[in-house]
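Below are the chains, spelled out letter by letter.
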Amino acid sequence: MIIDTTEIETINSFSKLESLKEVYGIIWMLVPILTLVLGITIGVLVIVWLEREISAGIQQRIGPEYAGPLGILQALADGTKLLLKENLIPSTGDTRLFSIGPSIAVISIFLSYSVIPFGDHLVLADLSIGVFLWIAISSIAPVGLLMSGYGSNNKYSFLGGLRAAAQSISYEIPLALCVLSISLLSNSSSTVDIVEAQSKYGFWGWNLWRQPIGFIVFIISSLAECERLPFDLPEAEEELVAGYQTEYSGIKFGLFYIASYLNLLVSSLFVTILYLGGWNLSIPYIFVPDLFDINKRGKVFGTLIGLFITLAKTYLFLFIPIATRWTLPRLRMDQLLNLGWKFLLPISLGNLLLTTSSQLLSL
Amino acid sequence: MFLLYEYDFFWAFLIISILVPILAFFISGVLAPISKGPEKLSTYESGIEPMGDAWLQFRIRYYMFALVFVVFDVETVFLYPWAMSFDVLGVSVFIEAFIFVLILIIGLVYAWRKGALEWS
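Line order of the protein sequences matches chains A and B.
To convert, note that position 175 of the first sequence is 174 in numbering that gives the first Met the number 0; the numbers rise steadily by one, no gaps.
To convert, note that position 101 of the second sequence is 100 in numbering that gives the first Met the number 0; the numbers rise steadily by one, no gaps.
Just to be clear, a hint being listed does not mean it is correct.
[As the list claims (entries may be wrong)] Short derived list, chain B residues pointing at chain A, Cβ under 7 Å: (1) S16; (2) A53; (3) F64; (4) T75; (5) L78; (6) Y79; (7) A82; (8) F85; (9) L88; (10) F93; (11) L116; (12) W118.
[Claimed, not checked] Subject to a maximum C-alpha distance of 35 Å in a straight line, what follows is the list of computed DSBU-like cross-link-like pairs (lysine-lysine): (13) A/K298 / A/K20; (14) B/K39 / A/K80; (15) A/K298 / A/K199; (16) B/K113 / A/K80; (17) B/K39 / A/K84; (18) B/K35 / A/K341; (19) A/K84 / B/K35.
Everything labelled a hint here was simulated from the structure, so no lab data went into it.
Don't be surprised by glycine CBs; every beta carbon is placed ideally from N, CA and C.
Isolated chain A, as found in the complex (with noise of 0.2 Å):
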């Protein structure tokens, strides 16, 4: 009987060892996690406040400059703001949509981060199927966009929601069919593959060169996803008041602000993956002094200098999107529908087969 006993309590502290350490586990997975959170949200506020210092600067106005030192803090001020706002319900409307709408919006946004390599093996999930992950979700957002359309049961918002479920299919196939012929080229959807195949011969081995045709495609693409001018019909001011977001105030808008500019830096990233060299300095080898030469260099930072060469090429790269929204004006509905299908679908497939013939001599 003893003996028995003893063995129950030898295999419960077994057993308490085991949770315990699936617990540590579990609270080490968080850390990356809420880091990368905490990164992304910075970022937003970072890009809000680019985009309102760049508008400004085209405008020739001087814009935000009371909150913070020029105005750095103006984003976080906006977004305080809507969290003490009331929000209000459309009594007609349907309250679940209404609600579920924003969410799933954000969420799948949030996703795409997961497969984004910040530095040297800097990911949080290094999956095979990577960019095609990326797609994949990325196209769950217009549901949502859908949702709030009709939950709001707002004739505006109807149609902004149909509009903005029609433009992303329209310009999902080209997108797709560009990051397919670029993982044709290093034979592999893994991000972190996708920019080791660009890392020789410095900014020569960038996408970029072997793929122009690709990459002017998936630029008008991802402005189209991002719903940003000239592609913000959803949203068109003078015909649609506020498009799916008429109706939103308080939090509920500020998740619909937030969603759209995470959308911009993960399109900008997306580019900086799969175009311009991702992590890698991308200066040819001879002009690489010692200090800059990541593999004689501690591990850390190696991993440091190039989270800051990502960000840089991305954050430089958002001004050619910042530019276009005041240089260009909205299309019409026909035209963006013409555009996606007639135009950038032919020449994304063409661009496709090019691509495989020119692998296939290189065979």
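Model the placement of chain B on the given structure of chain A, informed by the hints.
Okay, now just chain B, sitting in the frame of chain A:
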């Protein structure tokens, strides 16, 4: 749920990101003021009272686009495994994929000429 270990982080990230809007709704529910009124809660229609419901039947022109989209999206999904093992598969599979793409291009031309891609 955790059958594929690569995806552990993905699932954990999914849970955390679901918590983000829930947390936002909770905080705003505690902090935000509530003052209801019939006019305030009616839907916006340029300042006049809303005429009827928005949930009505009308011709959705995006329907044909959605159909063509399904065809091409499935095509792209089928092409991905081929692209990832392109260097292993070689010329014969390239010809097969080329025929596959060609059929879809013919489909696109057909849809184009039938007017499925026309607005109005």
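Hint by hint, here is what the structure shows:
For B/S16, the interface hint holds, since its Cβ comes within 7 Å of a Cβ in chain A; the closest pair sits about 4 Å apart. Evaluation of the B/A53 hint against chain A yields a held restraint, the C-beta minimum of about 5 Å falling below 7 Å. Residue-level restraint check for B/F64 holds (minimum Cβ-Cβ distance to chain A is 6 Å; threshold 7 Å). Proximity of B/T75 to chain A holds as hinted, the smallest CB-CB distance being about 5 Å (cut-off 7 Å).
Among the interface hints, the one on B/L78 holds; its C-beta lies about 6 Å from the nearest C-beta in chain A, closer than the 7 Å criterion. The closest approach between the C-beta of B/Y79 and any C-beta of chain A is roughly 6 Å, which is under the 7 Å cut-off, so the hint is satisfied. A least Cβ separation of about 4 Å between B/A82 and chain A falls short of the 7 Å threshold, and the interface hint therefore holds. Restraint check, B/F85 versus chain A: the minimum CB separation of about 5 Å is within 7 Å; hint holds.
Violation of the interface hint for B/L88 is found here, the shortest Cβ-Cβ separation to chain A being roughly 10 Å, above the 7 Å cut-off. Residue-level restraint check for B/F93 holds (minimum Cβ-Cβ distance to chain A is 6 Å; threshold 7 Å). Taking 7 Å as the C-beta contact cut-off toward chain A, the hint placing B/L116 at the interface holds, the least distance being around 5 Å. Interface restraint check: B/W118 against chain A, minimum CB-CB distance 4 Å, threshold 7 Å, status holds.
With a C-alpha separation of about 27 Å, the suggested pairing of A/K298 with A/K20 holds against the 35 Å cut-off. This hinted pair checks out: B/K39 and A/K80 have alpha carbons roughly 20 Å apart, not beyond 35 Å. As the CA atoms of A/K298 and A/K199 are separated by approximately 20 Å, the hinted pair is consistent with the 35 Å bound. Pair hint B/K113 plus A/K80 does not hold up; C-alpha atoms about 52 Å apart against a cutoff of 35 Å.
A threshold of 35 Å between alpha carbons decides the hint, and for B/K39 with A/K84 the separation of about 14 Å falls inside it, so the pair holds. Simply put, B/K35 and A/K341 have alpha-carbon atoms about 49 Å apart, too far for the 35 Å limit, and the pair is violated. Of the supplied pair hints, the one linking A/K84 and B/K35 holds, its CA atoms being roughly 13 Å apart against a limit of 35 Å.
In terms of the numbered hints stated before, the structure departs from hints 9, 16, 18, listed from lowest to highest.
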